[in-house]
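**Q** In order, the protein sequence lines correspond to chains F and G. Take the first sequence: its position 123, counting from 1, is numbered 123 in our numbering, and each next residue is one higher. Take the second sequence: its position 94, counting from 1, is numbered 94 in our numbering, and each next residue is one higher.
Some hints could be false.
With a straight-line cut-off of 20 Å between C-alpha atoms, the simulated SDA-like cross-links for lysine to any residue are [unchecked claim]:
hint, chain 1, residue 1, chain 2, residue 2
1, G, LYS101, F, ARG185
2, F, LYS166, G, ASP202
3, F, LYS166, G, LYS132
4, G, LYS47, F, GLU167
5, G, LYS132, F, ARG264
6, G, LYS130, F, THR147
7, G, LYS101, F, MET183
8, F, LYS158, F, ALA94
9, G, LYS132, F, THR192
10, F, LYS166, G, LEU46
11, G, LYS132, F, PRO165
12, F, LYS166, G, ASN83
13, F, LYS158, F, THR112
14, G, LYS101, F, VAL184
15, F, LYS64, F, ILE251
16, G, LYS132, F, PRO189
17, G, LYS130, F, TYR265
18, F, LYS166, G, SER162
19, G, LYS132, F, LEU266
20, G, LYS101, F, PRO189
21, G, LYS130, F, VAL187
22, G, LYS132, F, LEU188
23, G, LYS130, F, THR192
For the record, the hints were derived by calculation from the structure and aren't laboratory data.
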Amino acid sequence: MRRTLAQSLALYATVIFTLVMILFPVYWLLVTALSTTDELYRLPPTFWPDDPQWDVFARVWAAKPILLWLWNSMLAAVGSVALSMLVSVSAGYALSRYSMRGGATMGLFVLTAKMLPATLLVIPLFSIFSSFGLIGSLWTLVLAHSTMIIPFATWMLKGYFDTIPKELEQAAMVDGCSPIGAMVRVVLPIATPGLAATALYAFVLSWADYAYARTFLVNSPDNWTANLGITTMQGEYVTYWNDIAAASVFIALPIIAIYLFLERYLVGGLTAGAEK
Amino acid sequence: MANISIRNVSKSYGALNVLRPFSLEIENGEFVVLVGPSGCGKSTMLKILAGLEPATEGQIFIGDREVTDLAPGDRDIAMVFQNYALYPHLTVRQNIGFGLKMRGTDKTEIDRRVDDAARILEVTPYLDRKPKDLSGGQRQRVALGRAIVRQPQAFLMDEPLSNLDAKLRVHMRAEIGALHKRIGVTTVYVTHDQVEAMTMADRVVIMQGGIIQQIAAPDELFNNPANLFVAGFIGSPGMNFLNSELRDGKLTAFGQQISLKRATSAQGPVVVGLRPEHLVLGDAPVTFGVRPTLVESLGSEKYVYFDAEGARIADGEEGKSKGLIARVSHTGSLPRNQEIRLGFDPAQLYLFDAKTGERL
């Protein structure tokens, strides 16, 4: 169907508007990093610095343990992804495939955990972690982030498993697989897009956390995550926003890298050809 | 290859009985078709046989071995699914060889057997493709290949042709028949299509409501149906039924008294069955005049629909009936609503008990 001129204009206007909404904060972060402190407070603001301070990145990298913070964030995120995927894959698969007494209710009940804000859970979690002597350890983040990720990830994966015909596992079992073998050899390879999307969601959620890191790790600078580390760059009297923006660019890069890595798996249609 | 013995197997979900005690002895190399309308329990029986569903009660033997509680993979059976269930992430070669790989077969042996199976089923050119790059018929062949490559004790097929178009279905029906003759493996085949059942089976098991109605060879089912359900299910178009009254070896139908040629002691209300192909145009031992309500031409023959007093709609056909049908050889035109003479031989009538539906 051919689009009329008005339809084309409306389409492009919508696309451009959406792109501006999404990309403007990224652009502004970069402008802030490259501006001098004086320029940052100038009114009206400049949309590109007169003299871009490209050395800000090297300066911040040298002055702050950015690499350590990134490493800690990475450990917490990878740990959270691993733990929550292990639980969510099993739970989502069970909810999708097995009918059990109260199964549907249990599935919905899992989601109620998602309704509670992090600020509500942070105190009981703190109490639990301190009784196990975990405060100050990155394990607190792995466990706490998993409590946020697992409910929603379970539902994402259940939805994906529902789209895979049960006959595939039955065929695999007739071919000699155990139920777990059928899941590992047949269902999970087909569910790669669903697994990749869920893992990405889990990674971003863990990477973006501040409240838990601030509560559990504040007295252990060696275990500070990137988000927590950056907030310490805020001074009591003076804040160098350009330095903070430069550090923020470093923090955003791994997410972009992870997305580029997982993107190839985020394709649909892997079950095509299984059925008629 | 092995015989299969199903002994008093039943299945219920709580209070719902989907399969009443089911017993069947299948000979080594036999091709048995389970046929019946949707929900009759035929697919459930096949899944129990495959080990994909547990039986509530009863025992299953394949060969001399009891397999009732064995996992599907330990029963040495192969199954072809209605929707093929090919592994979409594997190539055709990997799909066919999957079962052998799971059993730890040597790699070169897998390749040799996959190549053999591919040659038999003519899928050799597609061995390196993924299922999504195949047509429906090719996928069906790959699904068959996955079954034959393992050289199992028995094949179980769950409506394997129902997703194909009409022409391909006829073709694949013949291919499966030829394949069975060639490799001679005991086969249990489930379908709701009576034509598939009649053309492919050594023996047909007709089921309804989780109960076996009759087990017999195709011709025997057609000629000697055990009850009203079987009589109505087998044959296309289905058998005509009329409510009638039997008194002293005579019954009333088509407005006349008809003397039965065989002795029967039955009295009272009966259902009379008459196959559409046993009705002829013109003279016969019993003739009657009708005005066709509809005439369908198939070229060399015509389906003549007409109404008659006492006409009874077959079970499960409510709302679909266009009255009684005569299937007559006639190449000329038969105008609607103009009286024609139809006739039949009373020896070809079937009688059923009006209450129980059992054959008299």
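**Q** If you draw a straight line from the CA of LYS132 of chain G to the CA of PRO189 of chain F, is it 20 Å or shorter?
**A** It holds: about 16 Å lies between the C-alpha atoms, which stays within 20 Å.
**Q** Holds or violated: LYS101 of chain G with VAL184 of chain F, Cα cutoff 20 Å?
**A** 15 Å, holds
**Q** Would the hint linking LYS132 of chain G and LEU188 of chain F be met if the CA-CA limit is 20 Å?
**A** 18 Å, holds
**Q** If you draw a straight line from the CA of LYS132 of chain G to the CA of THR192 of chain F, is it 20 Å or shorter?
**A** 17 Å, holds
**Q** For the pair supplied as a hint, LYS166 of chain F and ASN83 of chain G, is the alpha-carbon distance within the 20 Å limit?
**A** Holds, at roughly 11 Å.
**Q** For LYS158 of chain F and ALA94 of chain F, compute the direct alpha-carbon distance and say whether it is at most 20 Å.
**A** Distance of about 8 Å is within 20 Å: holds.
**Q** Is LYS130 of chain G close enough to THR192 of chain F, meaning Cα to Cα at most 20 Å?
**A** Holds, because 17 Å separates the two Cα atoms, which is no more than 20 Å.
**Q** Taking only the CA atoms, is the gap from LYS132 of chain G to ARG264 of chain F under or equal to 20 Å?
**A** Roughly 19 Å between the alpha carbons, so the hint for LYS132 of chain G and ARG264 of chain F holds.
**Q** Within 20 Å, alpha carbon to alpha carbon, are LYS130 of chain G and THR147 of chain F?
**A** Given pair LYS130 of chain G, THR147 of chain F is violated - Cα atoms ~39 Å apart, limit 20 Å.
**Q** For the pair we were handed, LYS166 of chain F and LYS132 of chain G, check the Cα-Cα distance against 20 Å.
**A** Holds: LYS166 of chain F and LYS132 of chain G sit about 18 Å apart, inside 20 Å.
**Q** Would the hint linking LYS47 of chain G and GLU167 of chain F be met if the CA-CA limit is 20 Å?
**A** Holds: LYS47 of chain G and GLU167 of chain F sit about 11 Å apart, inside 20 Å.
**Q** Does the structure keep LYS166 of chain F and ASP202 of chain G at a Cα separation of 20 Å or less?
**A** With a Cα-Cα distance of about 31 Å, the restraint between LYS166 of chain F and ASP202 of chain G is violated, given a limit of 20 Å.
Comparing the model with each earlier hint shows violations of hints 2, 6; every other hint is respected.
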